[in-house]
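Undergrad: Sequence:
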Amino acid sequence: MIRKPIWPYLVVGLFSFVIFQSFYHYYQLSTAAVPFMGTLRFRWLLEHWERFSFGVFFDSGSLYAGLIGFGLPMLVYASMDKNLYRQGEEQGSARFATLKEMRRFEDVDFEKNMIFSKQVKMGLFNFRLAYNVQLNKNVIVIGLPGDGKTFTFVLPNLMQMNSNFVVTDPKGNLVHEVGKMLEKAGYAVKIFDLIRLKNSDRFNPFHYMKSELDIDRISEAITEGTKNSEHTGEDFWVKAELMLQRALIGYLYFDSKDPETGVQLYMPNLGHVADLLRSISREDPDVPSPVEQMFEELNEHQPNNYAYKQWKLFQNFTGETRNSVVAILSSRYSIFDHEDVRNLISEDTMEMDTWNTKKTAVFIAIPETNNAFNFLSSILFAIGFEVLTHKADDILQGKVPGYSRKNLRHIQFIFDEFAQIGRIPNFAQVLSSIRSREMSIKIIIQAVNQLESLYKSDWKTIFNNCATHLFLGTNDKDTMEYYSTRSGKQTIRTRSTSKSHSYRNGSSSENKQIQGRPLLTPDEVARIGVEEGLVFISKQNVFRDKKASVYDHPRKAEIASSPEDKENWYEYTRKGTDIDGLLLYANDLTPQLKELFVA
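Take the sequence shown: its letters are residues 36 to 634, numbered as in the numbering used here.
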């Protein structure tokens, strides 16, 4: 940005001040020698230059003369163009960032960094960085299958071992490749396998219900996680379904605890909600159903509890409306009739409440070709964010004895193939609020439209809450245009030449002009090299660089590439009961529950 500078005019003005004073003083000498104005005085001035001298004089005439000399350059400056000029930036100022600019974001300790490309890293912990480079650590990674998203981003960052990790593992191989390295470093490795549904840690949402408020949170998470899209019906049906769901989940929550001591009598699971739904309708119109009787008994022991209130509201529905709500919820919970799914949720070994205090790496294996059970990962993440946020807040507020901020471990959620997970409730709000709780999210997708189709009203908010974007490749037009626009426009100079010829003579002319063009056009974004990536950091110019590589990492010898690498390939066994979690406590059940669940 260029404004006409005033300082040259000030210098000229000061020089003019002295010149005008000196000439005035010399003129005053001539009046003393030749009193009369005329050719004699003019001749005297020309013949006596030896008496001329530069100086500053303080008589009134000299001061007036000096002010006139000073004022003339200032008058010229005042009459000139005052507009701002940005030479070379008239049509845009975009350029590629320099390596020096990128290195400002690095931590001096290599292991404390996130790795984006061969040369670009960013410190994971803001308290170790200068204030002007402290950004959120959320990242968007975009790349097609085969662009090396796992090899160039996921694996190098896991190899840093600078935080806790929760990673989606679309092929189920990642844990085998890095699990042994992590265990040797003291990590507790958790596996939630939605591909095979066996040899997996267990996840039971009821384990994390600490108050009746969690009934609503769990219900919303299940509803959102099992949605196929944002628009699944009229608002009335959604609310009616949630009312029944809260009643049934609430029943299990209240009935499973001793109302006086709070002792856990048995551990329910989501499969039991499906069992309750099967016994909710009356076989005889005049005889209450088993579930109706169970709610009445619950109310006798725990009057006016939240579950019973929701149940009584649901009882206001009759006829086809009631049957439709039951049918909708039954369809949603039918997935829990699979024995493998029931076993997976029968108890809990995930220990979510230790993920931000104990050295932990969690791998969630999700199938790439069949997403029938992926909603369980969505529910896991929804509940996980709730549990970890509350745990972090309690630690930061000094409510957990023996824990302080220094005990709070950073968690990186690395969502490979993010579109396969399913909708996570309130994800945009989570993304914008977890930074202060020592959590960050890495979203890995193939194109912008994947995010848009999953979070139609929030995808822009999600995009904008990621301070860093790593672009590895795409064939999607909208994605190309987005990153072309994000790269900005630059100013270029063009030259055109024209020539004309005739029988007798010819002429030519050359024209030069300034125009703007994108730093990277959409097709140039699409045509970056196979080994290249674009790094976009908030408030910075784009940096073009080679992709990172596992082979460049100091720990490259510690990970496995195939089962033949016996030294590093991680084999695991996750043992759990094959008996449904509720039946483990069969002696503590009411007669109605025994009959209902054991049958």
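In case anyone wonders, no lab produced these hints; they're calculated from the structure. Since we're looking at a predicted model, the values are computed, not measured. Positions of the beta carbon are idealized from the N, C-alpha and C atoms, including for glycine. Errors might be hidden in some of the hints.
[Said to hold, decoys possible] In silico BS3-like cross-links for lysine-lysine, where the CA-CA straight-line distance does not exceed 27 Å: (1) K524 with K601; (2) K591 with K574; (3) K135 with K245; (4) K434 with K153; (5) K219 with K591; (6) K206 with K245; (7) K135 with K147; (8) K495 with K512; (9) K393 with K233; (10) K591 with K393; (11) K147 with K581; (12) K601 with K219; (13) K394 with K601; (14) K147 with K393; (15) K495 with K135; (16) K274 with K245; (17) K394 with K219; (18) K581 with K394; (19) K245 with K153; (20) K153 with K524; (21) K274 with K219; (22) K393 with K219; (23) K344 with K292; (24) K274 with K344; (25) K219 with K206; (26) K591 with K601; (27) K153 with K206; (28) K347 with K292; (29) K394 with K491; (30) K581 with K524; (31) K147 with K219.
[To be verified] What follows is a list of derived Cβ distance ranges for each label pair: (32) Q550 with S366: 30 to 36 Å; (33) A220 with T520: 39 to 45 Å; (34) A220 with D429: 26 to 32 Å; (35) S324 with Y438: 46 to 52 Å; (36) S128 with P589: 52 to 58 Å; (37) G354 with T608: 50 to 56 Å; (38) V69 with F93: 21 to 27 Å; (39) E403 with N234: 17 to 23 Å; (40) K219 with N406: 31 to 37 Å.
Undergrad: Which earlier hints turn out false for this structure, listed by number in ascending order?
TA: 1, 2, 3, 4, 6, 15, 18, 19, 21, 29, 32 and 36
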